[in-house]
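Colleague: Use these hints to put chain B onto chain A, whose structure you have.
There are 2 protein chains.
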Amino acid sequence: MAELITVEDPADPRLYDYTGLTDVELRRRREPAEGLFIAEGEKVIRRATDAGYAMRSMLLSAKWVDVMRDVIDELTAPVYVVTPDLAEQVTGYHVHRGALASMQRKPLPAAGEMLAGARRVAVMEAVNDHTNIGAIFRSAAALGMDAVLLSPDCADPLYRRSVKVSMGAVFSVPYARLDTWPQGLEAVREAGFTLLALTPDEQARALDEVAPHTMDRVALMLGAEGDGLSRRAMAAADALVRIPMSHGVDSLNVGAAAAVAFYAVATGRPR
Amino acid sequence: MAELITVEDPADPRLYDYTGLTDVELRRRREPAEGLFIAEGEKVIRRATDAGYAMRSMLLSAKWVDVMRDVIDELTAPVYVVTPDLAEQVTGYHVHRGALASMQRKPLPAAGEMLAGARRVAVMEAVNDHTNIGAIFRSAAALGMDAVLLSPDCADPLYRRSVKVSMGAVFSVPYARLDTWPQGLEAVREAGFTLLALTPDEQARALDEVAPHTMDRVALMLGAEGDGLSRRAMAAADALVRIPMSHGVDSLNVGAAAAVAFYAVATGRPR
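Sequences listed follow chains A and B, in order.
Each residue of the first sequence is one higher than the last, beginning at 1 in full-length UniProt numbering.
Each residue of the second sequence is one higher than the last, beginning at 1 in full-length UniProt numbering.
These aren't lab readings, by the way, just hints derived from the structure by calculation.
Honestly, I wouldn't trust all of these hints.
For each label pair, taking beta carbons as the anchor points, the in silico distance ranges come out as [to be verified]: (1) B:V24 / A:G35: 33 to 43 Å; (2) A:D153 / B:D250: 27 to 37 Å; (3) B:A51 / A:E190: 46 to 56 Å; (4) A:D153 / B:D23: 20 to 30 Å; (5) B:E88 / A:A206: 37 to 47 Å; (6) B:V24 / A:E190: 46 to 56 Å.
Among chain B residues calculated to face chain A with C-beta under 8 Å, some are [unchecked claim]: (7) S139; (8) A141; (9) V249.
Positions of the beta carbon are idealized from the N, C-alpha and C atoms, including for glycine.
Same shape as in the complex, but just chain A (with noise of 0.2 Å):
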């Protein structure tokens, strides 16, 4: 069981770990360099749990600490218990959630073990808005991707805000960052996978007509909200697809899109 650990000075050291957390520039350089990330709100900490991420700490006001008794029985990690008001003065804003707690990150898979296992994986390139991130995992996890591959550009998955989107679906699709890029994707061809690039261009073929659904390996590849894909990226495809489009409309959300393409793309449904 747990420490519960009442700490009443916001300069404390032992709350380091939460300190400046609206500060998103700060908190991409630190999280990654510390090897932590921030756990929000009573669900999300437990999904990061169950999913086997170690508890560096927990901070929580103090009504919170029933809610989470549970959790706290069978941690070793300090729970330090604190005021709103210094959560806020520590975080720098008013923790809604009540409860945050500092998670230990895990070393990323490599990518060719990754993808052994896998037949439908999302790649996406320089997706770097948080909440794009968040929401496209969640589809990813709910739609029946089994991975997920980053190019070197894209944001973090578990910066607090991607997490929060994602419902926790950062932690149930494993995901792999590529080294180089485009070149990195050469060794998802050799996997054994076919790349279909994600494109609202009209010349792209339609996802339909293309019956994903029907190839053995998939790699279905997303760029981020307005850009979409580089040309780069483009050209080391195997095919262009695009969603049929009526209306004149030119273009769906980024979240949007990648649910229809991550449906379209799934196996073993009947059609």
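Modeller: Just chain B now, kept in the frame of chain A:
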């Protein structure tokens, strides 16, 4: 060609259409009652105009006059030219997009009339979030839904935020409001539609199994984020349908779910 009028007094009654734009509750009441809606930003203003909405007036900072010159040349409505500071005093926020237009609403079509020419209809129940309603309209337009039906308690698709998130799709997909709920759905069935209620419930039939793309007329019912469809609404449907889910995930966000479902009910594409 429209008259360009420089306004220097934030209390000038000619700017009344634009006052207090950040007060959601106030604007929610005022806009339908006064028969107007606000289009924000060059692209959305152009799309509203192209869709045949009449402009009541436009509010611009000076540097946007040239950008909007061709629109202004076609207008008879007054164009108020103001400083960014005055725009902020009137509206309550810094108008990043530089241009606002007050547009005249059109009478909504009667549901029966709208259904006559449609084969794919999205039906929303109690979708109150302006962002979600905008996102759903954008996907509905892109993915070939012919029309949208709203329960009496759905949010206003012409609210500024909905319009913006929809990228103007609220102008291109016709929509109507049902006067009674769920009784009003009976008229949809009488018009020849099969009513499919989307739910994460595992007892529901998988969308692909139901094969809605083979049906002549489909009305796809969607509930709000979190709550989903009410029991009464589900009881009024012909069938409950679900999107098959993996990884123990129990739901998609409403925007992703809507996009997948619209794609699955679309007709006219090879399967």
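Colleague: Of all the hints numbered above, which does this structure not satisfy? Sort the numbers upward.
Modeller: 4
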